[in-house]
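Keeping the supplied structure of chain H fixed, place chains C, F and P upon it in accordance with the hints.
Chains as they are written, first to last, in this note's numbering: chain H, 1 to 376; chain C, 1 to 376; chain F, 1 to 376; chain P, 1 to 376.
Hints were generated in silico from the structure; no laboratory data involved. A couple of the hints might just be wrong.
[Claimed, not checked] List of simulated lysine-lysine pairs, BS3-like, C-alpha gap at most 25 Å:
1. H/Lys141 with P/Lys64
2. P/Lys64 with P/Lys6
3. C/Lys141 with C/Lys131
4. F/Lys6 with P/Lys338
5. C/Lys141 with H/Lys338
6. P/Lys338 with H/Lys293
7. C/Lys6 with H/Lys338
Read off the chains here:
Number of protein chains: 4
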Amino acid sequence: MTEFSKQVLYVGEMASGAQLSIPVYRLKSNIAGPKVYIQANMHGAEVQGNAVIFQLLEILKNTKFKGEITLVPYANPVACNHKNGEYTLGRFDPITGINWNRMYHFNESIIAPFALQYLQASDAEVDIAFKQLLHTEITDKLEHNQYGLTTGQRIAYQLQRMAQQADIVLDLHTGPISSKHLYCPEYAQQSASYFNIEHTILIPNEFDGAMDEANFCPWWKLQTEFKRLGRNFTFNKEAFTVELGSQEQINLELAKEDAKSILSYLAFKNVLSNKQYAPENITRYACYLKNYKAFYSPMGGMVDYLAEFGKPLPAGQPLARILRMDNYDLEMSNASDKAIHYLTLDHPVLPILHFASASVNQGTELYKVFTNFFIL
Amino acid sequence: MTEFSKQVLYVGEMASGAQLSIPVYRLKSNIAGPKVYIQANMHGAEVQGNAVIFQLLEILKNTKFKGEITLVPYANPVACNHKNGEYTLGRFDPITGINWNRMYHFNESIIAPFALQYLQASDAEVDIAFKQLLHTEITDKLEHNQYGLTTGQRIAYQLQRMAQQADIVLDLHTGPISSKHLYCPEYAQQSASYFNIEHTILIPNEFDGAMDEANFCPWWKLQTEFKRLGRNFTFNKEAFTVELGSQEQINLELAKEDAKSILSYLAFKNVLSNKQYAPENITRYACYLKNYKAFYSPMGGMVDYLAEFGKPLPAGQPLARILRMDNYDLEMSNASDKAIHYLTLDHPVLPILHFASASVNQGTELYKVFTNFFIL
Amino acid sequence: MTEFSKQVLYVGEMASGAQLSIPVYRLKSNIAGPKVYIQANMHGAEVQGNAVIFQLLEILKNTKFKGEITLVPYANPVACNHKNGEYTLGRFDPITGINWNRMYHFNESIIAPFALQYLQASDAEVDIAFKQLLHTEITDKLEHNQYGLTTGQRIAYQLQRMAQQADIVLDLHTGPISSKHLYCPEYAQQSASYFNIEHTILIPNEFDGAMDEANFCPWWKLQTEFKRLGRNFTFNKEAFTVELGSQEQINLELAKEDAKSILSYLAFKNVLSNKQYAPENITRYACYLKNYKAFYSPMGGMVDYLAEFGKPLPAGQPLARILRMDNYDLEMSNASDKAIHYLTLDHPVLPILHFASASVNQGTELYKVFTNFFIL
Amino acid sequence: MTEFSKQVLYVGEMASGAQLSIPVYRLKSNIAGPKVYIQANMHGAEVQGNAVIFQLLEILKNTKFKGEITLVPYANPVACNHKNGEYTLGRFDPITGINWNRMYHFNESIIAPFALQYLQASDAEVDIAFKQLLHTEITDKLEHNQYGLTTGQRIAYQLQRMAQQADIVLDLHTGPISSKHLYCPEYAQQSASYFNIEHTILIPNEFDGAMDEANFCPWWKLQTEFKRLGRNFTFNKEAFTVELGSQEQINLELAKEDAKSILSYLAFKNVLSNKQYAPENITRYACYLKNYKAFYSPMGGMVDYLAEFGKPLPAGQPLARILRMDNYDLEMSNASDKAIHYLTLDHPVLPILHFASASVNQGTELYKVFTNFFIL
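Next up, chain H with everything else stripped away, as it sits in the complex:
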């Protein structure tokens, strides 16, 4: 038996007074189990996660599971509604430039005193007390500040307050034009093989403001501090950023596949027991975050993106070629030499995503690639 509920969070007001809200869907099993939190569309143009949540709801309402699953589409209605021209401008607050996914909160100074205080407590006591501490921290931020909160903080903190009560957190994103890839904390590397995602970026224990980090860093830091104090503490929290492919696209059929990929991971984590949600047999590549590199355009121009995603590109093979029609030289025997520039690297890479437009300025990020990648 599953219990359904829907809640609405009020997270923003516009100049005309219009309120922006986030719908929160909750499915609660009568069997105890992990708490799962899944959100989508924190960045405005990254909409496909909403379709994945739709498909998850369609499947889950007829599926037995344990624990509680919270599903949050349209996690950032400010960004989601921020159209400019035909496209959606939603990676950052358009007034401040701050990335919407860099506004979550973690005050590392809470770790040491807590670890000391709870050094002798049971793991279960630690779990309850630490969750309570995180809850109090974020509630203070939300409710006690006469200078107020930025637009993004008001949204992020409300989401974080829900997410940090969960054991499993998935933040559904997309790249610009992109393959599927997964941001996975190094300690949870094993879990990466249960998603049907070919590329995994292993991230270290550093908080840089993102949703996934805001959920696993406190626990990982706490574990590290306990270790320093001589206690061997294990925790059972995982948080991932799931990059579903390209932005500015809704495809309900593909969303069903991505829903199954998530259910495969949830089955591994004992949320489901269906055998049908098993990982696919695919090659999974990984690299460490420090080896996930951006390639910037050495010139302005128009880009013919050549390198395919998910296929190792040998050293010296072109990532892209840039057209510069202003330099076409009819006098030269090979007139195209000055008009077409091939862009290469001196080592093999695995292309993961590229820029969304063919027109680039000098210095625009053209590609992101794995270097020193390996098979997971």
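Frame of chain H; chains C, F and P shown alone:
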């Protein structure tokens, strides 16, 4: 023997004083023949035409032809450089909102007096005198006005002054996400079959500010006026807007195909004599401009575009479905009913293009479709 | 005794499903009198009219008047909420470029048949029947169209349906950085002297899509047609665009002054009988629309706006000077000659408004000025 | 005798191939003295510094001074030319959201080894060697990186390479709508009194990516490290961010005043000996950076900014009032209560700047204020 030349037009200055310029490539045969003018990228995001001009240059420098061919990539460097976020915002002047392709000039009041004055002149005399009149008109606009010109007029008038001396004008555009299609004046319908383009929109003799109209309307109006005066005047000018597919993309291989399509048309017009540039054997659909319709979204939401381009869509079949996750209702037996909306029309259409983003406001133009279409 | 009511119009939905609405305030006297319709903020950055409506409500709720007054702040919540960076981008639909104040409807072809049909009807009958016809026209547009409406049409038509039932329509706008000025139909020139506004632009009987025109053009055209048919028809409708000053500003104190200016006009039209709302004794300048001219920047650069508003500027006196630091030439005896450019005209003008930013491209509209102006 | 020179830096290319460049003006005295570096317009809308550089050049070309003065207007032509709608969108890279003034480089790990190596060297030797090290660091960044540089790094590093050879660095900025204020490193507090600027923010020794910090932090950190190693090292470098007032404005007359303010400081630093450039006798307030606070709007709405700049605002006095016409309630005896909200703080503040637009979302930064301020 071909004579090559390159010229640079100065068409804009930015706040820092940086000058924006347009490269103009000219190929001149020693054999007399038609004058051809081809430009690309008047709208900022519509870049593929630059690649087509590249491929035309690569082919033409080794190909025998008659007359003179002028090729103008980056026709609007202001729009081409107007990035906002990742994308290019280039359909209209971002300060005024005026479509960059609606700023060309045609003063219809010059027709009647000219027709009267040249009623007895030979066709060749008319041709020379009318071209001269158009040239004077536009030069006056460019050079004699203490109130100045708008940013777009300064660009458009300089291009128009070149184009209106040609017999054949091609303005290379693209749609947002789009099939190939051709805007063709009704009188030149026969020519549409020489392009490898499946869809043709037949446009009437009304000037609405666009490059193609600015080139054929004066002659068509002159013909009409001569007819009214009892003279049977024929002219040999054609101008087309060639829509190459989708915006924000450069693909040099596809550009070669589009270059061949243009050369097929030019072969028909006797600019080339190569037998290799012949039209492909494809089904060509057409409709009249008044039957080329836009479908606007009846609600805000996220769109899964379903209808394929270039394939007649029966009445009642969905163009698209809109996802509204805020309306998902877990209580309903069929929870998706309120979350997914199918959009249909009560008559068959031929979908030509759709909006570039999955996120739409109520009232966003979702699709453009042919109605009452026929095979050319 | 006044009857108050508040209504909410639903005029738009965003991608997240958020609804945008317009509040409509109505005050109805128990004494018969003219119907007045006042709206504000059709262009997003032009917010001061909302403050004027606030002050009108504050005054009117304690003031005796005749008839019915409808007050509509936030007339275009889509534009009002369209921030980009720090500023509001609200002169046109950011997807299509179409000016939000050019989407109202008037189908001139209804005039001739109506005039013929009602040639013998009384003025009162004409008034009722013509209002009904206008209402049916716009309702058809709103409700019977499977291709849908653009974002702007959905807003404009709903507003227009209310406004066209009124006898007096005021559309509150602002300029970029601007003096106060009034767009007044030529036939209503007398009324312009009852506003406390120094500058009036007299506009002809041509429909160009704006709210004021949409309200007076049908009646003016009808009058013209009746005249052609030999009937002398008078109507008592007036519609104005009131430009309150500069955009991006709210000032409640200044708003009170503007409210009094409007009440002075309404007193003249017999809506109020208070003697206290009388026009101020100021010099009022006017010019015809064709003589209201835009001056475009002859170069890119940074502008020091020099000409003051509302004061005739003699021929040869500078409107502005443009700084071009890239051209500063230390070698020249007068180094500043190439770095500072003075912009002048060869005839006197009355500067009304200027561009909102100091940074301009070549061709940006710098100033709008009255030429051939006269005292009203 | 002064030697003049002008250099052009190439710092960016746009999609059309257009190059963006920065003019660099140098005035070199035949008398030895400090090196001064002054740049303006790193943020696109903050243009007034260019006018100040114009006035400095006009004065300096006829003024005796010591050393060398480098003047760099249009320091960021990418931002300077980035118009969107009427305004300039220039605080951050529009593609990445990264603040243009947060891209300078300082690798703190170079300090400790350098201090150890040069522990016994003379101050003069340290000066030369450390400048050389900084130069090598930045040159490496600019020239040896196959992955390339971002658009902003290419600009910032070229400017920084020039600036870090100077003894005095002034980075001319403006606020949105703002009083004049100065960012001053804590150690240089004395110098703040030589500018004619009423408000000073004292900033600590932390590198946060800005131009001023990039110039003083390395030396301050070096001093700290030397101190830790037992050496008492003094350095004579100062760097300030000078906030000239409001953005989007050019005023050549006010620029002359600001030029004099800078010359007053330069006279204090022995660059000039003219007695005429002395500081004005004004009250100068200061606060520490941690006490310089932003106040965020608690609601969406339209703002009537009330608090004046540069005048202490008592606790409880309103900073601003927000108009919410959607909440006007005609039924209430005091109808305005729900439509007008006054914003206050419970302690005195000194308002320094406010947001540039009257339309705000919930969470928009409305004001920046000094708290715990004192007279300098």
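Hint check:
no., hint, verdict
1, H/Lys141 with P/Lys64, "violated (56 Å)"
2, P/Lys64 with P/Lys6, "holds (19 Å)"
3, C/Lys141 with C/Lys131, "holds (16 Å)"
4, F/Lys6 with P/Lys338, "holds (14 Å)"
5, C/Lys141 with H/Lys338, "violated (36 Å)"
6, P/Lys338 with H/Lys293, "violated (52 Å)"
7, C/Lys6 with H/Lys338, "holds (14 Å)"
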